[in-house]
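Protein chains in written order, with this note's numbering: chain A, 46 to 158; chain B, 26 to 137.
Possibly wrong hints are sitting among the right ones.
[What the hints assert, rightly or not] According to the in silico footprint, chain A covers these stretches of chain B (three or more CB under 8 Å from chain A):
1) 68-75
2) 117-124
3) 128-137
Hints are computed from structural coordinates only; laboratory data are not their basis.
The model shown is predicted, which means the values in this text are computed figures rather than measured ones.
Glycine residues also receive a C-beta, built at the ideal position from the N, C-alpha and C atoms.
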Amino acid sequence: DAGITQSPRHKVTETGTPVTLRCHQTENHRYMYWYRQDPGHGLRLIHYSYGVKDTDKGEVSDGYSVSRSKTEDFLLTLESATSSQTSVYFCAISDVPEGGELFFGEGSRLTVL
Amino acid sequence: DQQVKQNSPSLSVQEGRISILNCDYTNSMFDYFLWYKKYPAEGPTFLISISSIKDKNEDGRFTVFLNKSAKHLSLHIVPSQPGDSAVYFCAASAPGQGNLIFGKGTKLSVKP
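Could you put the whole structure together from the sequences, leaning on the hints where they help?
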């Protein structure tokens, strides 16, 4: 299995508070992704990174920012959490460009009250 | 507009029988298709893929069929086992596209 660790795995927070989710990989893969999974929507891409300090927006990027200061870490930040951001967040990595096979982390369940 | 569609939210199959999961797509630029399997409280795991230059790919009990003219692919599981009970996601990518586009998933239940 690919070495991907997400933290925290579970978090409950209040509306308006900042939240940061961390994805750490030990595979030295170049590409990293943040997806969210919601009932009736499947997996939707939030942001992705194609290298250190190189990131781009995905399908549902509003309200989220990301940073990648080193290969192994990809951070997802909600500057001011809203209830609509209650979701399960998955980090994924790949060593193939253009959306090849992705290896997913175990997910971070975020509840915004 | 949804580019990858899994129109069946759920499917129930008897153990030992065939499971057929379907996926339709609208973007003719997609050239690589994948199926992922997801158990509750776990991340999705890669199952099988197919390139647009092929119409079939087989891996053990799992076979994916691609019909480009119909923009349709299907995953066949034969024989189905209770451990196959999971949510299955279809995904696709196009050249120059930096990520995978996923369908909404189909929940498969295999009953003993």
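Okay, the hints, checked on the actual structure:
1. Coverage of the segment 68-75 of chain B by chain A holds in this model, with 5 residues showing a Cβ closer than 8 Å to a Cβ of that chain against a need of three.
2. Figure legend: the segment 117-124 of chain B, annotated as covered by chain A; annotation consistent (7 residues with Cβ-Cβ distances under 8 Å, at least 3 required).
3. Using a Cβ-Cβ cut-off of 8 Å, 3 residues of the segment 128-137 of chain B lie near chain A, which meets the minimum of three, so the contact claim holds.
Checked against the numbered hints above, the structure breaks none of them.
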